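Following the hints, position chain V against chain B.
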Amino acid sequence: MKHSYLKTLVLLLLSALASTAQVEVIKNEGASIRVDLNGAAGSQAAKILENDLESSGYFKTVSSGGEYVVQGSASSSSVQAKLFSSDGSAILSPSASGDLRHAAHKVADDIIFKLTGKKGFSESRISFISDKSGHKELYVMDYDGFNAQKFTKDGSIVGSPNFSRQGSKIAFTSYRSGYPDVYVMSYPGGSRSKVASFPGLNSGAAFSPDGSKIALTLSKDGNPEIYVMSADGGTPRRLTHSRGGKSSPTWSPDGSEIAYASDEGGRPQIYLISSSGGTGRQITFSPAYNTEPDWSPESGLIAYSSLSGNQFAISVIDPEKGGGGSVVDDDGSCEDPSWAPNGRHIVFSRNTGGHSDLYILDTKTRQAVQLTRDFGNCTEPTWSGR
Amino acid sequence: MKIPSSLKLLPILFFAFLLAGCADKRPPGPTGDAGNIDGTTGDVVSPEDAGTAGGASHPEGHRLTAVTPENATYDKFAAIHFDYDSATIRSEDRKTLEDIAAWLKEDGSRQILVAGHCDKRGTLEYNRALGQRRASAARDYLIKLGANANNVGTVSFGEEKPIAQGNDESAYSQNRRDEFGVSK
Chain B
1 MKHSYLKTLV
11 LLLLSALAST
21 AQVEVIKNEG
31 ASIRVDLNGA
41 AGSQAAKILE
51 NDLESSGYFK
61 TVSSGGEYVV
71 QGSASSSSVQ
81 AKLFSSDGSA
91 ILSPSASGDL
101 RHAAHKVADD
111 IIFKLTGKKG
121 FSESRISFIS
131 DKSGHKELYV
141 MDYDGFNAQK
151 FTKDGSIVGS
161 PNFSRQGSKI
171 AFTSYRSGYP
181 DVYVMSYPGG
191 SRSKVASFPG
201 LNSGAAFSPD
211 GSKIALTLSK
221 DGNPEIYVMS
231 ADGGTPRRLT
241 HSRGGKSSPT
251 WSPDGSEIAY
261 ASDEGGRPQI
271 YLISSSGGTG
281 RQITFSPAYN
291 TEPDWSPESG
301 LIAYSSLSGN
311 QFAISVIDPE
321 KGGGGSVVDD
331 DGSCEDPSWA
341 PNGRHIVFSR
351 NTGGHSDLYI
361 LDTKTRQAVQ
371 LTRDFGNCTE
381 PTWSGR
Chain V
387 MKIPSSLKLL
397 PILFFAFLLA
407 GCADKRPPGP
417 TGDAGNIDGT
427 TGDVVSPEDA
437 GTAGGASHPE
447 GHRLTAVTPE
457 NATYDKFAAI
467 HFDYDSATIR
477 SEDRKTLEDI
487 AAWLKEDGSR
497 QILVAGHCDK
507 RGTLEYNRAL
517 GQRRASAARD
527 YLIKLGANAN
537 NVGTVSFGEE
547 KPIAQGNDES
557 AYSQNRRDEF
567 GVSK
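Chains as they are written, first to last, in this note's numbering: chain B, 1 to 386; chain V, 387 to 570.
Bound conformation, chain B alone:
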């Protein structure tokens, strides 16, 4: 990422010019940090904070020593902290009040931004589908698995949720009318409007970078194709014109292109098309079945579901260079990846013996951690943009 180098140069120049400003910019990952919090909720808040700092990828939490130290206290409704470097100089006094978990997440993000210059995602959310209630409904939880809240009670089938990058809207498909229609819901408010209910299929809606448009699959003209329309509803503009079915559109980082799955060549593969329309070009060729692409705004890589034997694995491709790697799982079928805002972690659904749960994969360490349990079958996760 060329821009981080430029940003670092600018920051260093500014710090040289400023008389007393102290700029800390962690360039290398794995800086050690220790968290010591007192108070009624101190150890709980510390756990949340440590998890956020580690999940960011920039820090290794330690129990003694540390290049950075976070000290302070936490009650059930606030976190008051001070960040020091190992030489004892104070760097920041982050604090937040309200719900303990959210206060701790906010403090973590303040620390991450101060020390790395990058926005953290400690307050990000994951929306997903669960059949826990007896029907597939829409839920949203904190990215660390807590505070799951139910946002629909349609009593039919809800599917295909997609968060906007701003984290303020969720598009999803619901069969509440009997047919698959696309809704856009504001988050966290929860008010929704139906934006696409054409004959045939309406599904797979994904927001453009600024959240004003959605790309989605409509079959109203006789075949499932990719269209773009205003996220508030209106007249869709058709992008694809080919045989076979198209599904799962996802926007490039700058919104100029859309990746999608198409089986026009016989079996489904990933294609790219200009978001102003044109001709699709194929970017995956093997194995025989690749679907559900998700394009990371941060890294520019595309993750997707890829056939692996009789099941699926998560694969990643660089659409510009064409290279990529396949993440292969020997136990269970891994599907429907969604990138974290950091362009490094991926949340996905893993089906083992007919039961599905969500997992988070760190593509750098290649470790996956189970995120949901005892919550019915959890599928189709989508990570909010921030």
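These are computed hints drawn from the structure, not numbers from a lab.
Note that the coordinates shown come from a computational prediction; the quantities given were computed from them, not determined experimentally.
Please note that the accuracy of each hint is not assured.
Below, a list of computed lysine-lysine pairs in the DSS-like style, where the Cα atoms sit at most 30 Å apart [said to hold, decoys possible]:
id, chain 1, residue 1, chain 2, residue 2
1, B, Lys150, V, Lys506
2, B, Lys153, B, Lys114
3, V, Lys506, B, Lys153
4, V, Lys506, B, Lys132
5, B, Lys150, V, Lys547
6, B, Lys118, B, Lys60
7, V, Lys570, B, Lys194
8, B, Lys194, B, Lys150
9, V, Lys570, B, Lys153
10, B, Lys169, B, Lys132
11, B, Lys114, B, Lys169
12, V, Lys530, V, Lys481
13, V, Lys547, B, Lys132
14, V, Lys481, B, Lys194
15, B, Lys153, V, Lys530
16, B, Lys169, V, Lys547
17, B, Lys114, B, Lys82
18, V, Lys506, B, Lys194
19, B, Lys47, B, Lys118
20, B, Lys153, B, Lys118
Relative to the frame of chain B, chain V by itself:
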């Protein structure tokens, strides 16, 4: 919901990165009825027409008025079935479609809802589109047989409504189907 309080408490090493250049040594795909995997999906098999080029089908102007997914019953006509990952109408199903077309043409107020389904292999969103193509394929065929396009509607349920619950080809093949709904 019992969720671990810290992600780092349960690291489980599952995955290893394979380079894209490594050959996939597994079998090429799910076993089962490969059958007529027809790349020209959406084409209609009929004596009159080898199929529509470009996968284009008849647009649907509006949803049906007489039949809805809520009020439809699906036992008046037999279901028709599809090969794995295919939306091609089988020749043995032409008779069912001819019967349906004749029934529709008898009375111009009759409407039919074609519901497309998939087996549970494959990914969820792709299967919503595949179920739709199966429904559209039958609709196209009925229109070619003279049915009024306004009286044939479609709905896709993807893999969400299987009628057979097993994990074998017998169950899968029953689930890859179109059903034909009429109002009660």
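How the hints compare with the structure:
1. Lys150/B x Lys506/V: 25 Å, holds
2. Lys153/B x Lys114/B: 41 Å, violated
3. Lys506/V x Lys153/B: 24 Å, holds
4. Lys506/V x Lys132/B: Holds. Lys506/V to Lys132/B sits at ~19 Å (cutoff 30 Å).
5. Lys150/B x Lys547/V: 23 Å, holds
6. Lys118/B x Lys60/B: Holds, at roughly 17 Å.
7. Lys570/V x Lys194/B: Holds - the C-alpha atoms of Lys194/B and Lys570/V are around 28 Å apart, at most 30 Å.
8. Lys194/B x Lys150/B: 18 Å, holds
9. Lys570/V x Lys153/B: 27 Å, holds
10. Lys169/B x Lys132/B: 23 Å, holds
11. Lys114/B x Lys169/B: 28 Å, holds
12. Lys530/V x Lys481/V: 14 Å, holds
13. Lys547/V x Lys132/B: 17 Å, holds
14. Lys481/V x Lys194/B: 39 Å, violated
15. Lys153/B x Lys530/V: Distance ~41 Å between Lys153/B and Lys530/V Cα, so the pair is violated.
16. Lys169/B x Lys547/V: 29 Å, holds
17. Lys114/B x Lys82/B: With Cα atoms ~12 Å apart, Lys114/B and Lys82/B stay inside 30 Å; holds.
18. Lys506/V x Lys194/B: 28 Å, holds
19. Lys47/B x Lys118/B: 22 Å, holds
20. Lys153/B x Lys118/B: 37 Å, violated
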